[in-house]
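Student: Chains as they are written, first to last, in my numbering: chain A, 3 to 373; chain B, 12 to 336.
None of these hints come from the bench; they were simulated from the model.
From a predicted model like this one, the values you see are computed outputs, not experimental measurements.
In this text, a Cβ means the ideal position worked out from N, Cα and C, and glycines have one as well.
Any given hint could be a false lead.
Claimed, not checked - Derived lysine-lysine pairs resembling BS3-like cross-links, with alpha carbons at most 25 Å apart:
{"no.": "1", "chain 1": "B", "residue 1": "K265", "chain 2": "A", "residue 2": "K137"}
{"no.": "2", "chain 1": "A", "residue 1": "K43", "chain 2": "A", "residue 2": "K356"}
{"no.": "3", "chain 1": "B", "residue 1": "K265", "chain 2": "A", "residue 2": "K356"}
{"no.": "4", "chain 1": "A", "residue 1": "K137", "chain 2": "A", "residue 2": "K363"}
{"no.": "5", "chain 1": "B", "residue 1": "K134", "chain 2": "B", "residue 2": "K247"}
{"no.": "6", "chain 1": "B", "residue 1": "K247", "chain 2": "B", "residue 2": "K125"}
What the hints assert, rightly or not - Okay, the calculated beta carbon distance ranges per label pair:
{"no.": "7", "chain 1": "B", "residue 1": "G135", "chain 2": "A", "residue 2": "N281", "range": "35 to 45 Å"}
{"no.": "8", "chain 1": "B", "residue 1": "L196", "chain 2": "A", "residue 2": "L242", "range": "33 to 43 Å"}
{"no.": "9", "chain 1": "B", "residue 1": "W273", "chain 2": "A", "residue 2": "L26", "range": "41 to 51 Å"}
{"no.": "10", "chain 1": "B", "residue 1": "V293", "chain 2": "A", "residue 2": "N281", "range": "50 to 60 Å"}
{"no.": "11", "chain 1": "B", "residue 1": "V333", "chain 2": "A", "residue 2": "I220", "range": "28 to 38 Å"}
{"no.": "12", "chain 1": "B", "residue 1": "L184", "chain 2": "A", "residue 2": "M352", "range": "49 to 59 Å"}
{"no.": "13", "chain 1": "B", "residue 1": "S214", "chain 2": "A", "residue 2": "V162", "range": "26 to 36 Å"}
{"no.": "14", "chain 1": "B", "residue 1": "L184", "chain 2": "A", "residue 2": "I220", "range": "53 to 63 Å"}
{"no.": "15", "chain 1": "A", "residue 1": "V216", "chain 2": "B", "residue 2": "R98", "range": "50 to 60 Å"}
{"no.": "16", "chain 1": "A", "residue 1": "N281", "chain 2": "B", "residue 2": "L184", "range": "58 to 68 Å"}
{"no.": "17", "chain 1": "A", "residue 1": "L198", "chain 2": "B", "residue 2": "V333", "range": "32 to 42 Å"}
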Amino acid sequence: MDKMPKWADAVLVPLFSLILAALLSALVILAIGEDPIAAFKLMVNGALMRSAGWGYTLYYATNFIFTGLAVSVAFHARLFNIGGEGQAMLGGLGVAMACLYIPWPHWALALLGSATLAALFGAAWALIPAYLQAKRGSHVVITTIMFNYIAFSLLGYMLVNVLRPPGAGDPASEKFHASTHLPTFQDMFATPDNPLFRSAPANVSFFLALAACVFVYILIWRTRLGYEIRHFGHSQTAALYAGTNGTRITVIAMLISGALAGLMAVNTTQGEAERLILNSTEGAGFIGIAVALMGRNHPFGVLLAALLFGFLYQGGAELALWTTIPVQLIMVIQALVILFTGALDNMVRMPLEKLFLALRKDTPSKNGETL
Amino acid sequence: MEFITIIQVLDSTLRLSTPLLLACLAGLYSERAGIFDIGLEGKMLIAALFSAAVAYTSGNVWVGMLAGIGASLALSLIHGLASITFRGNQLISGVAINFLASGMSVLVAQSWFKQGGRTPSLKGDARFEPIELPGALTRIRDIAEANPLMQVYSELISGHTIIVYLSLLLVPLTWWVLFRTRFGLRMRAVGENPAAVDTAGVSVVWLRFSAVLICGVLCGIAGAYLATALQAQFVKEMTAGRGFIALAALIFAKWRPWSALWACLLFGLLQAIAVRFQNIQVGEFTIPVQFMEALPYILTVVILAGFIGKAIPPRAGGEPYVKER
């Protein structure tokens with residue numbers, strides 16, 4: 003028996019979690035001695051009321067779409083890929099390889115090349131944890147955490163000893179060649195008399211992210227492989243009995259997940275920084291967890307949740323600029339969202355389920371069926 | 012390499028191992044009772060902030076440490092609530108706790124002290140001072156000229172803060188609690204087969220909560236050690252992945268107290284070597300400092316892969332206990 007209609011599960015539970023998180027965050031802002039309503043207005047103004055604000059919001063959202071999709075594809079196979087951060091770092095390395103060592107004639111070809119390498123590198127970084135989970139039974143959460151730290155050290159080594167141009171101080175690669183620079187929203191949409199998206203970092207990879215949403219939707223709900231992934235995630239024993247190869251599904255789901263996380267680097271490294279830097283991921287790999295939980299592992303939900311977090315990140319930056327509220331407030335909101343939608347899910351769900359059951363008792367169904 | 016250099020590296024190993032050991036034992040209690048805890052990092056971080064902040068305002072490091080333990084316990088309670096009471100996903104709860112601590116520690120530090128998310132430097136009674144054992148030499152010059160035995164005594168054994176000695180004592184204590192007391196037996200049982208414990212009439216919820224709270228206390232001490240003994244203030248993200256190294260050490264030690272001590276000393280040694288030597292020359296070949304930093308994680312993956320011995324976690328770990336299905 004369904005305790006709650008599907009729409010309530012998909013909409014009301016995340017919504018209530020979000021409201022709870024917002025209320026608690028408002029209390030935090032009050033405790034700092036600022037006005038939460040004024041702070042919210044400032045966030046909306048900074049992130050949504052100007053096109054440049056949208057340019058930043060969409061830039062952040064692009065990262066979160068990729069990492070959110072990465073986490074949710076793994077979730078469908080009941081694998082918790084916490085290693086999006088490391089996979090995105092390796093993706094960055096792939097983008098840098100593509101942009102530094104191949105003379106691309108046009109940005110579109112460069113995008114194709116760098117996206118391929120980013121996905122390959124990200125997937126490769128997910129391969130060992132996936133294999134160990136499938137074959138040796140080592141928990142994928144622990145191995146992917148370890149791989150995040152190994153990736154950070156590897157990236158540090160590559161930047162300091164290999165990619166850093168001679169004589170340069172900071173650990174970063176050379177600037178990429180101009181032919182690889184991706185068109186920003188300003189290049190695409192601004193006209194001389196209507197200067198939209200001025201110096202905002204949103205770029206063409208946003209559309210790549212939208213395409214990734216469609217790809218994941220088709221993969222998960224319209225292909226045999228997607229069905230197998232979901233089947234395996236719902237009931238491992240049933241899937242194995244039905245003839246699904248568990249090792250294959252685990253490895254493939256993690257490879258796709260890693261590739262999606264790696265693709266994030268196209269946006270940050272090629273689209274924004276135009277060189278490889280040490281901290282280009284900025285924790286987006288972890289935000290993917292919040293985005294996937296909030297978006298209920300559906301690409302459309304992930305898109306909405308990524309936009310929400312993009313708004314939070316841009317709004318948070320505005321807050322840090324104009325008030326005494328540090329940018330870490332966003333991290334607190336993010337933690338609360340993960341807590342309520344992920345770990346304390348039952349706390350939000352149980353009262354809602356009771357409410358729906360009570361409503362159903364009050365209105366007996368027409369045919370007089372017993373529920 | 013001179014003898015005194017080796018002694019100095021071992022001395023700093025001991026200091027760097029202490030927070031790892033405390034956090035590792037914390038995780039040991041929690042995971043032995045069947046509650047995975049990847050929030051060790053966050054609990055240490057929030058404890059580091061509150062211990063430094065309260066030690067600074069009160070001028071007393073012990074009061075500071077109590078505040079740190081209190082903050083860490085608060086996060087433990089959230090973890091317990093999510094993973095025991097509401098039967099949520101323990102891993103996701105741990106992730107949330109890490110973010111909550113990262114964000115809240117800077118928010119609180121910034122709104123109390125307005126120094127860019129750090130606390131002012133601690134002096135005098137506001138931090139743990141090293142304890143000089145009787146007869147130990149204190150001046151570096153005297154130590155360098157003394158005989159090797161005296162060097163070991165003065166440099167390596169003497170001159171640590173009380174928490175270092177305390178954490179070493181915790182290893183046999185934890186072993187005793189786990190393997191020689193009724194509470195320990197029940198705690199291990201609840202991590203392996205909670206239904207059996209429940210059938211015997213012992214409360215699974217109570218046992219798991221007490222394990223989670225012990226974990227909170229130990230993480231609190233670890234955080235206080237970082238901010239008031241190893242360093243003399245709180246700075247943003249000062250745990251720097253130590254909670255995860257501790258987690259790695261716990262797996263490396265296969266959830267056993269004495270092995271945990273050796274694993275933490277090993278990982279502390281790697282940190283001490285990385286701090287002191289940066290890149291190491293071995294003949295033609297240079298070992299980069301990043302490799303030393305990554306080594307604990309690489310070793311853990313190798314152990315997890317089961318090629319050198321097998322690390323088998325407590326059987327009921329990560330599973331919420333439901334009385335009736």
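Student: Each hint: holds or not?
Tutor: Going down the list of hints, with the structure as the test:
1. K265(B) <-> K137(A): Status holds; Cα separation ~20 Å.
2. K43(A) <-> K356(A): It is violated: about 35 Å lies between the C-alpha atoms, which goes past 25 Å.
3. K265(B) <-> K356(A): violated, 43 Å
4. K137(A) <-> K363(A): Violated, because 49 Å separates the two Cα atoms, which is more than 25 Å.
5. K134(B) <-> K247(B): Given pair K134(B), K247(B) holds - Cα atoms ~19 Å apart, limit 25 Å.
6. K247(B) <-> K125(B): holds, 13 Å
7. G135(B) <-> N281(A): 35 to 45 Å: holds, 36 Å
8. L196(B) <-> L242(A): 33 to 43 Å: Given range 33 to 43 Å: holds, Cβ gap about 36 Å.
9. W273(B) <-> L26(A): 41 to 51 Å: holds, 42 Å
10. V293(B) <-> N281(A): 50 to 60 Å: The hint (50 to 60 Å, Cβ to Cβ) is violated, given that V293(B) and N281(A) are roughly 30 Å apart.
11. V333(B) <-> I220(A): 28 to 38 Å: This hint holds: roughly 36 Å between Cβ atoms.
12. L184(B) <-> M352(A): 49 to 59 Å: violated, 40 Å
13. S214(B) <-> V162(A): 26 to 36 Å: violated, 54 Å
14. L184(B) <-> I220(A): 53 to 63 Å: holds, 57 Å
15. V216(A) <-> R98(B): 50 to 60 Å: Given about 35 Å between the Cβ atoms, the range is violated.
16. N281(A) <-> L184(B): 58 to 68 Å: violated, 41 Å
17. L198(A) <-> V333(B): 32 to 42 Å: Once the Cβ atoms are compared, 55 Å apart, the range 32 to 42 Å for V333(B) and L198(A) is violated.
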